[in-house]
Amino acid sequence: DTEVTQTPKHLVMGMTNKKSLKCEQHMGHRAMYWYKQKAKKPPELMFVYSYEKLSINESVPSRFSPECPNSSLLNLHLHALQPEDSALYLCASSQDRAGRNEKLFFGSGTQLSVL
Amino acid sequence: KQEVTQIPAALSVPEGENLVLNCSFTDSAIYNLQWFRQDPGKGLTSLLLIQSSQREQTSGRLNASLDKSSGRSTLYIAASQPGDSATYLCAPERNTDKLIFGTGTRLQVFP
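Just so you know, the protein sequences line up as chains A and B, in that order.
For the first sequence, the tail end lands on 353 under the numbering used here, and the numbers increase by one without skipping.
For the second sequence, the tail end lands on 119 under the numbering used here, and the numbers increase by one without skipping.
Don't read these hints as lab results, they were simulated from the structure.
Hints may contain errors.
Unchecked claim - Here are the computed lysine to aspartate or glutamate pairs in the EDC-like style, where the Cα-Cα straight-line distance is at most 20 Å:
#1 A:K247 <-> A:E296
#2 A:K247 <-> A:E322
#3 A:K276 <-> B:E11
#4 B:K76 <-> A:E296
#5 B:K50 <-> B:D92
#6 B:K76 <-> B:D35
#7 A:K274 <-> B:E11
#8 B:K106 <-> A:E340
#9 A:K257 <-> A:E322
#10 B:K50 <-> A:D323
#11 B:K9 <-> A:E241
#12 B:K76 <-> A:D334
#13 A:K279 <-> B:D47
#14 A:K278 <-> A:D323
#15 A:K291 <-> A:E322
#16 B:K50 <-> A:D334
#17 A:K278 <-> B:D47
#18 B:K9 <-> A:E296
#19 A:K256 <-> A:E340
#20 A:K274 <-> B:D47
#21 A:K341 <-> A:E241
#22 A:K257 <-> A:E305
#23 A:K278 <-> B:E11
#24 B:K106 <-> A:E322
#25 B:K50 <-> A:E241
Note that the structure is predicted; figures quoted are calculated from it, not measured.
Construct all of the structure, not just a fragment, from the sequences and the given hints.
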């Protein structure tokens, strides 16, 4: 199994809603990542988890809250989002921490629309 | 701050052509560089990873070269096919868990 699975594929939410994005991998990878991608732009790093501990937060607003309950699962909790947060949210994983010549495996993303 | 630029931004060619996609980066102190492809509305697929000690990597019709000193990488696609149509992204990486993605090249190969 070389897949990173993201659910849901599409999400529409209001600015007062609370929702969560889910990411799962069963490759035994110990590093997991959240990226945000706006239309026709490259992905931008949001968070990195290494061995289930948050190692990087790229100054992301607190309305985005990541969680890594175990080594296979990564969540992104969303609360009080703004319309400008509408984007494709991508999850990725690697065998070990990036920077050690590890390929990243990406999920197909969650397309989020905030109304 | 690392800045990564890809040229051309878009490319439309008939199938069968050999293609050259360019990537330049401002910070040459990188650990490795990956090339990805992304289909519209989808995630990214890693194509090639070039370690800092290497100068090139090959996979099938794809060949990527890396010149750290000049801050450049090139992706060659031989005998292009319509199935190669996608956006291609380069991503140099320092030893900081961070990939910085380039601006991308949107490729269309028509029959």
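Comparing the hints with the structure gives:
1. A:K247 <-> A:E296: Violated. K247 (chain A) to E296 (chain A) sits at ~24 Å, over the 20 Å cutoff.
2. A:K247 <-> A:E322: holds (19 Å)
3. A:K276 <-> B:E11: holds (18 Å)
4. B:K76 <-> A:E296: violated (26 Å)
5. B:K50 <-> B:D92: holds (15 Å)
6. B:K76 <-> B:D35: Since the Cα atoms of K76 (chain B) and D35 (chain B) sit roughly 9 Å apart, the hinted pair holds (cutoff 20 Å).
7. A:K274 <-> B:E11: Answer holds: K274 (chain A) to E11 (chain B) is near 18 Å, not above 20 Å.
8. B:K106 <-> A:E340: holds (12 Å)
9. A:K257 <-> A:E322: holds (16 Å)
10. B:K50 <-> A:D323: holds (18 Å)
11. B:K9 <-> A:E241: Violated - the C-alpha atoms of E241 (chain A) and K9 (chain B) are around 32 Å apart, more than 20 Å.
12. B:K76 <-> A:D334: violated (24 Å)
13. A:K279 <-> B:D47: Status holds; Cα separation ~13 Å.
14. A:K278 <-> A:D323: Holds. K278 (chain A) to D323 (chain A) sits at ~15 Å (cutoff 20 Å).
15. A:K291 <-> A:E322: Distance ~28 Å between K291 (chain A) and E322 (chain A) Cα, so the pair is violated.
16. B:K50 <-> A:D334: violated (24 Å)
17. A:K278 <-> B:D47: Given that 20 Å is the threshold and the Cα spacing comes to 12 Å, the pair holds.
18. B:K9 <-> A:E296: holds (14 Å)
19. A:K256 <-> A:E340: Answer violated: K256 (chain A) to E340 (chain A) is near 34 Å, above 20 Å.
20. A:K274 <-> B:D47: holds (16 Å)
21. A:K341 <-> A:E241: Given pair K341 (chain A), E241 (chain A) holds - Cα atoms ~13 Å apart, limit 20 Å.
22. A:K257 <-> A:E305: holds (13 Å)
23. A:K278 <-> B:E11: holds (17 Å)
24. B:K106 <-> A:E322: The given pair, whose Cα atoms are some 24 Å apart, is violated under the 20 Å limit.
25. B:K50 <-> A:E241: holds (13 Å)
In the structure shown, a violation is registered for the earlier hints numbered 1, 4, 11, 12, 15, 16, 19, 24, in ascending order.
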